[in-house]
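Enquirer: Full structure from sequences and hints, please.
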Amino acid sequence: MALDEVKIGGLGASRRRVEDNRFIRGKGNYVDDVVLPGMLHMEILRSPLAHARIKSIDTSAAYAIPGVRMVMTGEMMAARNLAWMPTLSYDTQAVLATDKVRFQGQEVCAVIADDPYIARDGVEAIVVDYEPLPPIVNPTQAMADDAVLIRDDKVNQNDNVIFDWEVGDRESTDRAFAEADTISEIDLHYPRSHPSPIEACGSIADYDRSTSKLTVYMTSQAPHIVRAAVSMVAEIPEHMIRIIAPDLGGGFGNKVPVYPGYVISILASILLEKPVKWIEDKTGNLISTGFGRDVYLKGKLALRKDGKILGVRMDTVSDHGAFFSDAQPSKFKIGLIHSAFACYDIPTAYLTNRGVYTNKAPGGVAYRCSFRVTEAMFFQERMVQAAADDLGMDQAEFRRVNLVKDDDFPKRTPFGFLTDSGQYEKCLQIGLDAIDYDTFKEQKAEAAKRGRLLGIGISTMTEPLGAGNSREYDILGIKMFDSAELRVHMTGKAILRTGAKTQGQGHETTWAQIVAHELGIPAEDIVVEEGDTDTAPFGMGTYASRSTPVAGAAVSMVSRKIRAKARKIAAHLLEVSDEDIEWELGRFYVRGAQDRGVTIQECAMAAYSNVPDGMEPGLENNAYYDPPNLTWPFACYISTVEVDPLTGVWDVIRMVAVDDCGVRINPMIVEGQIMGGLTEAYAMANMQFITFDEDGNCIGSNYMDYLLPTAWETPGFELHEVVTPCPHHPIGAKGIGECATVGGPAAFVNAVMDALKDIGVRNIDMPLLPDRVYEAIQTGQDVSGHPPVKNR
Amino acid sequence: MTSLFEELQPAAAAEVQTTRVDIKINGEYKAAQIEPRLLLAHLIRNGFRLTGTHTGCDTTNCGACTVLMDGAPVKSCTVFAVQANGHEVTTVEGLATASELHPIQEGFKDEHGLQCGFCTPGMMMSAKALLDENLNPTEDEVRWALSGNLCRCTGYQNIVKAVLWAAAKMRGEAPPTFGAPADDSADEIADDSAEQPEERSDEAAIADDSAGGEG
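Chains as they are written, first to last, in numbering that gives the first Met the number 0: chain W, 0 to 791; chain P, 0 to 214.
I should point out that these hints are in silico values taken from the structure, not numbers from a laboratory. This structure is a prediction, so every number in the text was calculated from the model and none was measured. Where hints are given, some of them may not hold.
What the hints assert, rightly or not - The list that follows gives simulated cross-link-like pairs (lysine to aspartate or glutamate, DMTMM-like), each with its CA atoms no further than 25 Å apart:
#1 W:Lys26 <-> P:Glu99
#2 W:Lys560 <-> W:Glu574
#3 W:Lys789 <-> W:Asp145
#4 P:Lys23 <-> W:Asp32
Expert: Written out as structure tokens, the structure reads:
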């Protein structure tokens, strides 16, 4: 009898998480929890100015403080050729400033001391003399003729433009616009935001002279990439570097790049021959590490009278800050922004992007998204709603006219991606039914009686998750495949390691479920480890919703390799040929004699005690998985909001989410991911952003200014599902962690705009703060949110 | 006696003015010789080596450092350790006994009230302060009581469920079963008496192996 898959914690089981056992007891092991003998502590002095020349640095008062061991400056780094480091986007980034500071919060000095309090005293005692330069805080300023050159360190850099990039077919798109009945236009800004995991970044570097080995505990979502980067930057042989990413207190893309703090702590440990711990504070995290978004759009849709979209034109400008250190696949300068409109059947499209330097923090990361798809889908769904309004069409009907039909797959998107499956209209319909779309007019009239403006907003999208196939996806040439290694012990228990790195997604629970599904070994008999480069197989880490599509597929494939070997062992034990062996969950049996069988555990024991002649003993293997395509989850998010015209405050009345992420490994965890994603979507629509005043001061440098929703503000969410298995993934799964963050913001913003439609307001830039909404209601005009803003 | 400055060089140690604090922490009496400016969070973490209390923001906003001082929730990153002198402090490590989890801990696990786990200790301590006062809170009361604790992973919905689950259990009732299907796989939730549905929801589709095939 085959096992009950759910009972053994296989696919589809809402298995409670094994990692929780330590977290709920306060026994997690985060970087700051690690203490090494003789460990010193490091603090960073950051620039108070956004743009300034460094005239002098005086560290003598810091050195005079007892307990200060070393003060590191750009000059010291330069002497070791470490003042600058290469970025993941073929640029350079200052580790400690030498010539100029280029954004507020840039690393200027580091103090290493016996104790973190003393290190902080040391930072306070350093005197830096700056000569202020004009700061640039938006692309318009950056591209002005008389703009000051930010990157005067670079040879041949004569302006503040980093790159120009284009994709799509310009000529055919121009033709589509010439033939259109109507052209709908909208200008949008997706404001700068910060992933802001509650745990900031940090590292403990431990260089051991006696073994020449460098061990670094680090908040990294991609420890193997860090190992390679450190090897190249610090010229330490790769086998002498061990990166350990222990428990991570959230990541959301923020913990992908290599930050100056890590590099400085490594050099400090080498120089002092002691472990050096650097724990970033919240302000340091918010003002200097990887941000998300900050893209401007001029968008146009060519429309036929009946609502059919004939062509798309998107002209975008992206603000990358002082260094181009985006963590994106190297082939795509602006991530996967050209995944826009992938769910719609549109003949032609053309997109341009210009990237510019500004005096703002560097490090455009995939903030809970698959490389700029968040901007793509927000722009797409705002353009779609504006177009429906321009045509006077119902917004659901407008989408229905344009959505790709179920039998049109495989289907090229307007910018050339290949989508492979989906049930888009079904998904939309479930959402519409759930929110009682047909009765919306009555709901709106009822709200109007109470003086409230009711609006409904829809967002439908499919996004490319799981970078990715090695033809197209690499970072600095390293292909974006992933890996798994499985060792089955003689008693049938197992250890699984992958090249991914969990940071809350629950890999320790779900990877074991995939093995249970493939081998019938109960999930509780499988321990999962990740994050230690000395033990885990090489992988590109966890971000861009790539764990399940890539590493998760590798888990399946390695399990199947183990099963193939176990089958041979089973044939040997049952004394029949391989071809006469059948498999059911957890057990091989002889075809036609189902009671004659051996369990996977019996095969495991035989692998160590009774292998057939000529067979290698043991039951271990690994798999490197290069996916044939991205996975394409689809979602429909629909929100109703009520705006109070007297205050500009808006409340979410309902938020319905219909997600199709294919086969759900652990439905409980999938729903947890969706709710978390929806909350970040709500945050971006409602309150959360990083902006700058005209002096380049970062507004949003701490949690008093950078607003995150609490349990009190966060609305309730209603979740629904459609299951279209991914046709190429071994278990039919797709990415899910980021869908709601990607598709969610447009649903909220579209709902508020729908509420304000009758007063002629077409756009308010995110976040839709009450003062912006109030201003729009009072003036009947659109409200822009571009920096600089007035300092409060 | 815990001295936080045992690893300081003699010169540094000589500079530092210290004072003695006596704190009852998780039922044990402890004393420490500390610098007066030392924050309670750092004494708990670095002095007492109880690292379940996390520091997230340094500005009293995120609540990852929440502990109970004489039963009331405080954010230990903005309490001086000397202010805790003579007081009783409970941290996340004080919730469970050796053999038994606190119902709040069980609730967080059962209702998937955590993901990365970083905010969880503070979240659970705020929940404990609420339930110690009010064993029958409404959803709004739970949300309000937790509004000083930030979570970036969960969206709070499951945290609220976890606290309501714990409240029911502490009242002696069968904890409610919310949306997520019960876990049928063998596991180590301490309480077996919790009523859980026998059948898993049909929606949790089992994968069709033919989706990808072997290869």
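Enquirer: Hint by hint, note whether the structure agrees.
Expert: Hints, one by one, checked against the model:
{"no.": "1", "hint": "W:Lys26 <-> P:Glu99", "in the structure": "15 Å, holds"}
{"no.": "2", "hint": "W:Lys560 <-> W:Glu574", "in the structure": "21 Å, holds"}
{"no.": "3", "hint": "W:Lys789 <-> W:Asp145", "in the structure": "23 Å, holds"}
{"no.": "4", "hint": "P:Lys23 <-> W:Asp32", "in the structure": "22 Å, holds"}
The earlier numbered hints are all upheld by this structure, with none contradicted.
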